[in-house]
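Peer 1: Listed below are the residues making up each chain.
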Amino acid sequence: MSLRRLLAVIVKELRQLRRDRLTFAMIVGIPVMQLILFGYAINLDVRGLDAAVVDQAGTAHSREIIDAIGASQVLDLRYRVATPRAAEALLRAGRISAALVVPADLEVRLARGDRPALQLVVDGADQVVQAAARQLARFPVAGDAGWTRRVDPVEVVNYYNPERRAPINTVPGLIGVILTMTLVMFTAIALVRERENGNLELLIATPLSRWELTLGKVVPFIAIGLVQVTLVLLLGDVLFAVPIRGSTAALYAAALVFIVANLALGIFLSTLARSQFQAMQLAVFTFLPQILLSGFMFPFAGMPRAARWFAELLPLTHFLRLIRGIMLRGAGLAELWPSLAALGVFTLLMLGLTVSRLRKRLD
Amino acid sequence: MSAETVIRTRGLSKRFGATLAVDDLSLEVTRGEVYGFLGPNGSGKSTTLRMLCGLLTPSAGEITVLGHALPGAAERLKRELGYMTQRFALYRDLTVLENLRFLAALHDLPTAGLGRRLDALMARYTLGELRHRLAGTLSGGQQQRLALAATVMHAPALLLLDEPTSAVDPQSRRDFWEALFELADAGTTLLVSTHYMDEAERCTRLAILDHGRLVADGSPRALMEALPESPLRVVTDRPRQAQQRLLALPEVIAVAQIGTALRVLVVPGTAPETLTRALKQAGLSASARADTPSLEDVFVAATRRAPATGAAP
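As they're listed, the protein sequences go chains A and Y.
In terms of my numbering, the first sequence opens at residue 44 and continues consecutively.
In terms of my numbering, the second sequence opens at residue 115 and continues consecutively.
Please note that a few of the clues may not be correct.
What the hints assert, rightly or not - Here are a few chain A residues that face chain Y, going by a calculated C-beta distance under 10 Å:
| # | residue |
| --- | --- |
| 1 | R47 |
| 2 | R48 |
| 3 | V52 |
| 4 | V54 |
| 5 | K55 |
| 6 | Q59 |
| 7 | R62 |
| 8 | D63 |
| 9 | N242 |
| 10 | L243 |
| 11 | E244 |
| 12 | L245 |
| 13 | A248 |
| 14 | P250 |
| 15 | L251 |
| 16 | E255 |
What the hints assert, rightly or not - Label-pair ranges, simulated between beta-carbon atoms:
| # | chain 1 | residue 1 | chain 2 | residue 2 | range |
| --- | --- | --- | --- | --- | --- |
| 17 | A | L299 | Y | D312 | 54 to 62 Å |
| 18 | A | F67 | Y | G227 | 31 to 39 Å |
| 19 | Y | A271 | A | M44 | 19 to 27 Å |
| 20 | A | F67 | Y | A271 | 36 to 44 Å |
| 21 | Y | S408 | A | R64 | 51 to 59 Å |
| 22 | Y | R193 | A | L57 | 25 to 33 Å |
| 23 | A | L57 | Y | A340 | 53 to 61 Å |
Rather than coming from a laboratory, the hints here were simulated on the basis of the structure.
Even glycine gets a Cβ: it sits at the ideal position worked out from N, Cα and C.
Make a model of the complete structure from these sequences and hints.
Peer 2: Structure representation (structure tokens):
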């Protein structure tokens, strides 16, 4: 391995990258666009459902309860109607997703405690709304201090995300998704492009070694990956106030390992593909399972066992454990070592496969 | 192997699936030669060159290049060899100087005085003014000069050039060949593939390939002199009709119209009168006389003969 040759390949890559405006724009554009898109749009936790209130009791107590529910921000109580029938009409028209009905005999129900005090009519077609309604059903309606019985005795205590804001969970995951999408794609086309443009035939007729070529193509993108991580963290802080509870050094260390894993995957795909188009297809083929099964979209624990085993093979799964651990729970690398080790093994495997597949021959 | 033998192959073959691209090729190239590979597209020129520089593994046969037995010693050979690909293989999105610097690093040229050496190299190939131009914006001839400069910068003992002039204008081709002879003068051995007759004629030695087989090998002059078939020049008032008639004769191998006359290649021992008689029977007045053989006659005769000799072991 000659350091000079390795350096020459790195410098060449950076020069080409600087002149390739589209790729350059993608390095910055994809993270920003995705962060804004996913950060605002993916909101599995429902807040501000349009709702109507039917207060048939009209007592001081009922108003107190309504105010408390309104303060939870799950429902946006924008309509006040007189009858349940009027609320139903709004629901049918799609103007509201839920209606809170306070019956006339509220005081009696509260005193007896044998029937639910309140009724929540929801648009049950939407599962997300239903889930929100179930949470509201446990809402404590006790007004005065002497009241001990609740409609639903289970209290939901929300750790780590007390305001139940989705971006807290999405932004760290997004770092992983963005790195996966951009870095795998960039390196997947890297070797194929050399082959398609005829450059590879020149390179393999020189003393350049396979490791020098592979590493020279990977190293520039490590820096690019770190720039992307920084960009998402900064925007995550400014736009969504996502905290970093663990150490920043640990975060970057985890990101570095994950970046290298992705580049190794990309460069391996590059040895499989015959054209840049095929390389892109292969890259997309690896995104989907990662985004769906890694725990970014759906909770890991809820997946069937076979899917979870498969997900253990995906680098994004391990990175999500690392980054959520560090950013949200303030965990250290020492506690998260299995994920770190998994990424390391994945990287070595991919790089090894790449070099074994990369022949300094044309046949 | 004598010290002067640069390339030697014995029974070299390359098979791609069902096609035999190179078939039992035995060659010997001595030092300082400008050795030409002449053949139609698909005759195995590129495949042979790629095997000679270790980029392809032969299916059968032995290769020794610069004393290295291939494919085993391919990596060691790559330090002493210059290979210029058929397609422009430098980076179009790098400048002339950036491309040369990159290759200088790959070849591990000494860093001390590298700037001056590259300046001299660019001056030799008249690239000095273009040093900051992107390679992709150069003309075909300029790209060719850049590719040659990049191929010879580490002073290789052997240069393999795969159809180096297929994309350049006649003036650039002449300049390019000047540069090649200069390199040969300095002791470099050159192996050049081409499908241009005028280029083939410039070579000191020539191998004609057809369907992966070596069908002729020798200096252009010797090949022309030893041509058993004879070319005839036929002058007639209606050359198109005469051509049709002549091609029907068993003695005629090939007919080409040159201006208003016809150049006819016939099997050995055919008298000019055979042609004029046949044309007269068809109602065409014509005169025929023997002509001096050209390299094109050698090429046509050799490639037409190929199927017959194909049965030989």
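Peer 1: It remains to establish, for every hint, whether it holds in the given structure.
Peer 2: Here is how each hint holds up against the structure:
1. R47: 5 Å, holds
2. R48: With Cβ-Cβ at 6 Å, under 10 Å, it holds.
3. V52: 8 Å, holds
4. V54: 8 Å, holds
5. K55: Where the cut-off is 10 Å and the nearest Cβ of chain Y is about 5 Å from K55 (chain A), the hint holds.
6. Q59: With a minimum Cβ separation of about 5 Å from chain Y (threshold 10 Å), the hint on Q59 (chain A) holds.
7. R62: Constraint on R62 (chain A) satisfied, holds at 5 Å.
8. D63: 7 Å, holds
9. N242: Cβ of N242 (chain A) sits 6 Å from chain Y, so the hint holds.
10. L243: Since chain Y brings a Cβ to about 8 Å from L243 (chain A), closer than 10 Å, the hint holds.
11. E244: Where the cut-off is 10 Å and the nearest Cβ of chain Y is about 5 Å from E244 (chain A), the hint holds.
12. L245: 4 Å, holds
13. A248: 4 Å, holds
14. P250: Given a least distance of 5 Å, the restraint on P250 (chain A) holds.
15. L251: 5 Å, holds
16. E255: With a minimum Cβ separation of about 9 Å from chain Y (threshold 10 Å), the hint on E255 (chain A) holds.
17. A:L299 - Y:D312: 54 to 62 Å: Once the Cβ atoms are compared, 59 Å apart, the range 54 to 62 Å for D312 (chain Y) and L299 (chain A) holds.
18. A:F67 - Y:G227: 31 to 39 Å: Because 35 Å falls inside the window, the suggested range holds.
19. Y:A271 - A:M44: 19 to 27 Å: For A271 (chain Y) and M44 (chain A) the Cβ distance comes to about 26 Å; the hint holds.
20. A:F67 - Y:A271: 36 to 44 Å: Given about 42 Å between the Cβ atoms, the range holds.
21. Y:S408 - A:R64: 51 to 59 Å: 53 Å, holds
22. Y:R193 - A:L57: 25 to 33 Å: Cβ of R193 (chain Y) to Cβ of L57 (chain A): about 27 Å, so the range 25 to 33 Å holds.
23. A:L57 - Y:A340: 53 to 61 Å: 58 Å, holds
The structure is consistent with each of the numbered hints, conforming to all of them.
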